[in-house]
Each structure stands twice: as structure tokens, then as C-alpha cells.
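**Student:** According to my numbering, the sequence shown is numbered sequentially starting from 884.
Calculated from the structure, these hints are not laboratory results. Every residue, glycine too, gets a C-beta built ideally from N, C-alpha and C.
Listed next, with one range per pair, are the computed distances between beta-carbon atoms: (1) G936 to E916: 28 to 36 Å; (2) K892 to H959: 28 to 36 Å; (3) K1028 to S955: 20 to 28 Å; (4) G935 to S955: 17 to 25 Å; (5) T1036 to R933: 19 to 27 Å.
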Amino acid sequence: MTVAPTLQKYLDQSVTYDLIPHAPTMSSTRTAEACHVPGDALAKAVVLRRDGGYMMAVLPASHHLHMSALKSQLGHKVDLASEKEIAELFVDCDIGAIPAVGECYGLDVIVDDSIDARGDIYMEGGDHATLIRMDGDQFARLTAKAWRGHFSTHD
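Please model the complete structure; the sequences and the hints are all you need to start from.
**Tutor:** Printed below as a string of C-alpha cells:
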């Protein structure tokens, strides 16, 4: 069980959280199942390429990202970042286990409105065997500078 050092340092300075070890999984929906967590409560990160750099969209694991809605709300073009680009941005994280906190990695963030309505929020810790749990108010503090929008629908 290992939390990415960049993330752990940031969380330790900002919020109260718990670590939940679990059997290794390779997708956010499998992680939710393994930890008996509703997919709506598991925040997943989608890393996007945009003019001048990268950003992160955060949405529930049980939702599908609508790029057209996201582009419309942001007012500029965005595309999915490649695995190579993600690996270069998140050097202390496993591919596919990117935490839903972009600020500590220097990224702007947009959070889907449906995430803010949750009680407890869960997210990847940077590896495929550690989940982070925090109160929704703590997650709101972490994402206070993030843009908000509606760019996903339930699967």
C-alpha cells in the first residue's frame, strides 16, 4: 500500500483522510467493486491536453465523460492526454491510478457537479492497491480552486 509521495505531502498539509488497502485492480469501476464503494462516490481523474499544457477533469467512476460538453463549458479545445504524457506528469503514480487531485501536480482542475453532492469521496492513491477516503467537505476544500461544471452522465 503506497500513496504517491506528491499526493501524500499535499493531503497531509490540507485534509483528514483514511487509506483503504485493496486487492490490485486495473480500473476505477473494479476498484469501487473491490472496496464495496458506490461508483458515484469514487472520483476518477481524466487528464486532458489543452493549448499551453494539461488539465484534469474529475467525475464519478460510474459516469461517462462528454468531451463536447466539457469543451463547450471550458470555451477551448481539449483532448485526452496520452499514457506517455500522463506518465510524465504523474511520475510517482502508476498509469491508471491517477489521483483526482490535480493541484499538487500543477494542473488546473474542473470537477463535475455530481461529485460535489456526495457524502464520502474516494479516489485512487497513485497505485492500484490503495484507495483514499475523505469526507465530502474535505474534498471540497481540496478542490476549492477548481472550476465546476456538468460534463458527465451516469453509465
